Amino acid sequence: MQGVGHEGLASRWRAGLPGACEVCGSWSRGGLCGACGEHFASRGHRCSRCALPLATGLDACTDCVREPPPFERCLCVADYGFPWQGLIARFKYGQAPELAALLAAALRASAARDEAPRPQAFVALPLSPRRLAERGYDQAWELARQLGRQHGLPAHARALERRFDAPPQARSSRAQRMRNLQGAFAVPARAQRLVEGRHLALVDDVMTTGASAREAARALRAAGAGRVDLWVVARTPAPHEHG
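For our numbering, count along the sequence shown from 1 and bump the result up by 1.
Just so you know, these hints were derived from the structure itself, not from any lab. Fair warning: this is a prediction, and the values are worked out from it, not measured in the lab. Here a beta-carbon is modelled for each residue, glycine too, at the ideal position from N, C-alpha and C. Treat each hint with caution, since some may be false.
[Claimed, not checked] Label pairs and their calculated CB-CB ranges:
#1 S27 to P189: 44 to 50 angstroms
#2 G153 to S129: 19 to 25 angstroms
#3 R136 to P238: 22 to 28 angstroms
#4 P189 to R132: 16 to 22 angstroms
#5 A223 to E39: 24 to 30 angstroms
#6 A223 to R132: 20 to 26 angstroms
#7 T57 to G227: 29 to 35 angstroms
Kindly produce the complete structure, drawing on both the sequences and the hints.
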């Protein structure tokens with residue numbers, strides 16, 4: 002949409018006023034018209050644990066049955082493709098944190114459609130301090146905060162910390178990725194009470210291999226979380242590596 006700044010879009014979404022759909026440009030409320038939201042929503046059956054496409058009638062893929070992730074369920078809006086890929090890129094790299102409202106609303110609709118168990122709080126999968134300084138905001142936290150507002154639930158900004166970034170992992174095997182991320186996340190002592198015995202939804206924008214999400218969920222479970230689910234906007238298909 003041209004001619005309307007990000008602050009203008011954000012104020013429209015907060016006020017529920019009409020604006021142009023981010024995909025087709027038609028008049029809408031909330032940044033995404035009903036027709037586009039319905040058309041581009043995921044309809045295929047997915048693994049309940051890692052959200053990869055799965056044959057109807059099965060609950061979990063072979064990999065998740067063999068090696069269950071530390072999160073109980075993965076909720077996603079759609080595959081990482083049009084229009085979500087462009088929206089997420091703008092949200093993540095285009096200095097457009099206000100798109101969190103639109104993406105959180107899509108996640109909320111997916112949760113309602115899939116009858117996802119209601120968590121007690123949202124926790125963002127955090128950036129490292131270096132990445133946060135480079136970007137200026139944490140996109141996962143912006144999502145978690147909006148989800149909290151839309152669901153009327155707490156969103157905890159500091160319940161989980163990232164201690165370090167893993168080295169580039171594009172050519173690493175899944176086992177190597179997990180080793181590189183071991184110990185990357187921790188629940189600080191001051192946040193222990195926010196985690197113990199709670200059903201938490203761990204929030205991120207995109208899930209690719211799931212290595213970071215697994216390690217983060219493992220840290221939450223180690224700190225006493227009763228249950229951890231993973232909520233992501235998009236799932237990147239991984240032809241040779243599931244979960």
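Results for each hint:
no. : hint                             : in the structure
1   : S27 to P189: 44 to 50 angstroms  : 46 angstroms, holds
2   : G153 to S129: 19 to 25 angstroms : 30 angstroms, violated
3   : R136 to P238: 22 to 28 angstroms : 26 angstroms, holds
4   : P189 to R132: 16 to 22 angstroms : 18 angstroms, holds
5   : A223 to E39: 24 to 30 angstroms  : 40 angstroms, violated
6   : A223 to R132: 20 to 26 angstroms : 23 angstroms, holds
7   : T57 to G227: 29 to 35 angstroms  : 30 angstroms, holds
The structure fails to meet hints 2 and 5 from the earlier list, while all remaining hints are met.
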